[in-house]
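Modelling step: build the complete structure from the supplied sequences, incorporating the hints.
Chains as they are written, first to last, in the numbering used here: chain A, 1 to 195; chain B, 1 to 687.
Calculated from the structure, these hints are not laboratory results. Ideal placement from N, C-alpha and C gives every residue a C-beta, glycine not left out. There could be a bad hint or two in this list.
[Claimed, not checked] Cβ-to-Cβ under 8 angstroms is the rule here; a few derived chain A residues that face chain B:
#, residue
1, R51
2, E62
3, A64
4, R67
5, E70
6, F74
[Said to hold, decoys possible] With beta-carbon atoms standing in for the labels, derived distance ranges:
#, chain 1, residue 1, chain 2, residue 2, range
7, B, K132, A, Y25, 31 to 39 angstroms
8, A, A9, B, D628, 41 to 49 angstroms
9, B, E173, A, Y25, 40 to 48 angstroms
10, A, Y25, B, S53, 38 to 46 angstroms
11, B, K132, A, G46, 22 to 30 angstroms
12, B, A650, A, N14, 29 to 37 angstroms
13, B, V404, A, A9, 24 to 32 angstroms
14, B, K128, A, P183, 40 to 48 angstroms
15, A, Y25, B, E159, 18 to 26 angstroms
16, B, S645, A, A9, 39 to 47 angstroms
17, B, D628, A, G28, 41 to 49 angstroms
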Amino acid sequence: MSAEPQTFAFSAENKAKADAIIAKYPAGRQRSAVIPLLDLAQRQNGGWLPRAAIAHVAEMLELAEIRVWEVATFYTMFNLEPVGRTCIEVCTTTPCWLRGSDAIVAALEDEVGVHLGETTSDGAITLREVECLGACVHAPMFQIGDDYFEDLTAEDVRAIVADIKAGRSPKPGSRIGRPGAAPASGPKVLTGKKA
Amino acid sequence: MPKVTVDGVEIEVAPGSTVLQACEQAGKEIPRFCYHDRLSIAGNCRMCLVEVSPGPPKPQASCALPVAEGQQIKTDSPMVKKARRGVMEMLLINHPLDCPICDQGGECDLQDQALFYGFDRSRFQENKRAVKDKDFGPLIKTQMTRCIHCTRCVRFATEVAGVEELGAIGRGENMEITTTIGQMVTSELSGNIIDLCPVGALTSKPFAFTARPWELRKTESVDVLDAVGSNIRIDARGSEVMRVLPRLNEAVNEEWLSDKSRFACDGLKRQRLDRPYVRENGRLREADWDEAFAAIAAKLKTMPATSVAAIAGDLADCESMLALKDLMAAVGSPNIDCRQDGAKLDAGARASYLFNATIAGIDDADALLIIGSNPRTEAAVLNARIRRRWLKGKFSVGAIGENVDLTYRAKHLGAGPRTLSDVLEGRDDFARVLEAAERPMIIIGSGAVARDDGAAVLATARAVAEKYGVVKDGWNGFCLLQRAASRVGGLDLGLVPGQGGRDVARILAGAASGEIGLVWLLGADEIDMNRLGSAFVVYQGHHGDAGAHRADVVLPGAAYTEKSGTYVNTEGRVQRANAAHFPLGEAKEDWAILRAMSGVIGKPLAYDNLAQLRARMAQANPVFGRVDAITPATWGPFGAAGAMSDAPFANLVANFYMTDPISRASVTMARCTELLGPNKGATGTHG
Numbered sequence: 001m002s003a004e005p006q007t008f009a010f011s012a013e014n015k016a017k018a019d020a021i022i023a024k025y026p027a028g029r030q031r032s033a034v035i036p037l038l039d040l041a042q043r044q045n046g047g048w049l050p051r052a053a054i055a056h057v058a059e060m061l062e063l064a065e066i067r068v069w070e071v072a073t074f075y076t077m078f079n080l081e082p083v084g085r086t087c088i089e090v091c092t093t094t095p096c097w098l099r100g101s102d103a104i105v106a107a108l109e110d111e112v113g114v115h116l117g118e119t120t121s122d123g124a125i126t127l128r129e130v131e132c133l134g135a136c137v138h139a140p141m142f143q144i145g146d147d148y149f150e151d152l153t154a155e156d157v158r159a160i161v162a163d164i165k166a167g168r169s170p171k172p173g174s175r176i177g178r179p180g181a182a183p184a185s186g187p188k189v190l191t192g193k194k195a
Numbered sequence: 001m002p003k004v005t006v007d008g009v010e011i012e013v014a015p016g017s018t019v020l021q022a023c024e025q026a027g028k029e030i031p032r033f034c035y036h037d038r039l040s041i042a043g044n045c046r047m048c049l050v051e052v053s054p055g056p057p058k059p060q061a062s063c064a065l066p067v068a069e070g071q072q073i074k075t076d077s078p079m080v081k082k083a084r085r086g087v088m089e090m091l092l093i094n095h096p097l098d099c100p101i102c103d104q105g106g107e108c109d110l111q112d113q114a115l116f117y118g119f120d121r122s123r124f125q126e127n128k129r130a131v132k133d134k135d136f137g138p139l140i141k142t143q144m145t146r147c148i149h150c151t152r153c154v155r156f157a158t159e160v161a162g163v164e165e166l167g168a169i170g171r172g173e174n175m176e177i178t179t180t181i182g183q184m185v186t187s188e189l190s191g192n193i194i195d196l197c198p199v200g201a202l203t204s205k206p207f208a209f210t211a212r213p214w215e216l217r218k219t220e221s222v223d224v225l226d227a228v229g230s231n232i233r234i235d236a237r238g239s240e241v242m243r244v245l246p247r248l249n250e251a252v253n254e255e256w257l258s259d260k261s262r263f264a265c266d267g268l269k270r271q272r273l274d275r276p277y278v279r280e281n282g283r284l285r286e287a288d289w290d291e292a293f294a295a296i297a298a299k300l301k302t303m304p305a306t307s308v309a310a311i312a313g314d315l316a317d318c319e320s321m322l323a324l325k326d327l328m329a330a331v332g333s334p335n336i337d338c339r340q341d342g343a344k345l346d347a348g349a350r351a352s353y354l355f356n357a358t359i360a361g362i363d364d365a366d367a368l369l370i371i372g373s374n375p376r377t378e379a380a381v382l383n384a385r386i387r388r389r390w391l392k393g394k395f396s397v398g399a400i401g402e403n404v405d406l407t408y409r410a411k412h413l414g415a416g417p418r419t420l421s422d423v424l425e426g427r428d429d430f431a432r433v434l435e436a437a438e439r440p441m442i443i444i445g446s447g448a449v450a451r452d453d454g455a456a457v458l459a460t461a462r463a464v465a466e467k468y469g470v471v472k473d474g475w476n477g478f479c480l481l482q483r484a485a486s487r488v489g490g491l492d493l494g495l496v497p498g499q500g501g502r503d504v505a506r507i508l509a510g511a512a513s514g515e516i517g518l519v520w521l522l523g524a525d526e527i528d529m530n531r532l533g534s535a536f537v538v539y540q541g542h543h544g545d546a547g548a549h550r551a552d553v554v555l556p557g558a559a560y561t562e563k564s565g566t567y568v569n570t571e572g573r574v575q576r577a578n579a580a581h582f583p584l585g586e587a588k589e590d591w592a593i594l595r596a597m598s599g600v601i602g603k604p605l606a607y608d609n610l611a612q613l614r615a616r617m618a619q620a621n622p623v624f625g626r627v628d629a630i631t632p633a634t635w636g637p638f639g640a641a642g643a644m645s646d647a648p649f650a651n652l653v654a655n656f657y658m659t660d661p662i663s664r665a666s667v668t669m670a671r672c673t674e675l676l677g678p679n680k681g682a683t684g685t686h687g
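Right under this line is the structure:
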């Protein structure tokens, strides 16, 4: 794994984005931009936040480093250690668990070859267990980057992992194609209207 | 004013109060950990639960609930008792219960409240969590497993001390209090988080494992290591000061204490003078009192009275200063000075050397000009009050002098007297701020007037004060910030050169040229001893510092923890320090030494005990008749017109942790100097 970089600075493109984010807030309230800026920094830095990035965000927002550090450690979505290029975050909270997340986890671990909380030796994939991601109606599910993969079965998991390993982008969303959180057996209300 | 009922008793409370404050007003004790009346409300410990109706049918955190008209509050209902027990049980889940080896034991909020409000046993069977200890620096010992996450320390550092170095990282069970990674707490007020910590997570490092609180004899006294006059409690065991803690005084230090005042007490055990010494053949040898007095008396006989001089040091109490003045008068010498830094202060104009607005008056000011002072190092507790005023808003601060971080935003106007003239002439924009302010305030550092052009600086500052309404009916915002605990008292007693007498600079010049034959140093260590020439030096004091090394006769005196003494703080408040134990060895109280000396030379002073001496003090200046009170000074002319040099105002407190013989002898302060001082990180091999 790569060690802590000594310095961090936003790329020109991200600097412009960061300035646009800060500009959304009234003067003197730039600290409101701390979460979006940390997110931006994490995306630029391959999915994790080195200490230098936290210091850089603190400096941009005129905050004490500890204040930004508090935010970064509070949210589990911020990774403070390097992660794989693809990070698969499996929900195992009660609804997903009732709908078979154990089988999803087993399939994932089997297919990827590491346990939850670990990264493959080539740094390609990290597996992680997370708490409820708010997609209970499509349970079981996991998240890769910004995308949700829902209504999963063990076969789906194997297919998705195979796609990732092959460098393809698996299609996100419900694997059984149900739209808008409708019941599994099809929409029961608003059937007359087209979505 | 809303009326509420607390446990069946109807009371009226101030609008905006919290339910907790209402309960306190009704005389009900509410247990709490996170709530502290000088910090912002966090509401996270849940210990202060009470039952409030109307409201949801569940216990409410009283610290964060505002009172409302007609509220019925119950503080001892079955629901409240059960809720408190539940909270306490939860708090203790991850608390190690290692009280027998914890330094907080005996003065621990958690221990006390668990006893009174807790459940009688634990139902927790699982493993407790363990947390890695953090490095908070040389003063604060951490045992983070004991932390209950009240966040008082975080709020203190952020709000009062003004250093955002502490924070709570992680969440839920994994929450930890920590400093910015790899950093120590660098505030001058950091020791206060030890007092604030309701458990044993943050304890005093120098005091660790040395004593239990119930073994210590507690003496209420006054701090002398700066001129704030913080009220302290000295905890001693036998003839050893174990620790110093702050004592509540709303008008002075509230309940805070600077790190130097708190932790320099180990300096009281080192480098002490506990017997008289007389120099023989170039070496100091142990002597007894009679020999020492005889040596001085013999020397006095050999010279005219005008060749004798006396300088009072920074830690001297008023009793000994008056005795010194009376002794010099008995000898017939006019050469006496209490301003060893050479400050051009006029003992005749009391308003010129006082913090006239008073420390509590900072809360009323609405603009501040700081001239040649760094209150953060010169009076750390006072600086916290300025910061609090600044946090309230509508308070602009301008600073002339070194550009330093004061923990609040101050506009740096310039470095030297020229900027002060600019403000006076209205050329500097800050003049508009002072003009617009209703209660403007000026703080002049004692260093700004301890220059060759000090009198001119003082006069210019006075002109600024008069021009911009700093002094007017009902408000005197002209504040001279002293650094030495003895200075105001010395000036109040008139320890300045008499008719034709010499001040410190001229005493030193006279000693070098041979015109001054004997110099009596009453704890004066901050002068350049090399300039004393061949004069016969009597050093009366408690530490083997610069003065004792130069001395021909050493008279061992008592430190401030060993004598009952009067001190006048920078605002002119007369306060009494009390003895926590007797002076060491053969050392005596300083006034008594001077009284005995007067007897040896056949000119006994007119007092035989402290009461008589204090009566004489009140006679010399009526302010000493009013202890614990401030006698306001009348405004009058002071300072002297003249040219001011262009030299910038220097920062005279180079190292906050070592400013006097006591803190220089302290191992703790040496450690602070090494790790947090101006040259931090440098090792002994540097330079």
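Can you name, in rising order, the numbers of the hints this structure does not satisfy?
Violated: hints 2, 8, 9 and 12.
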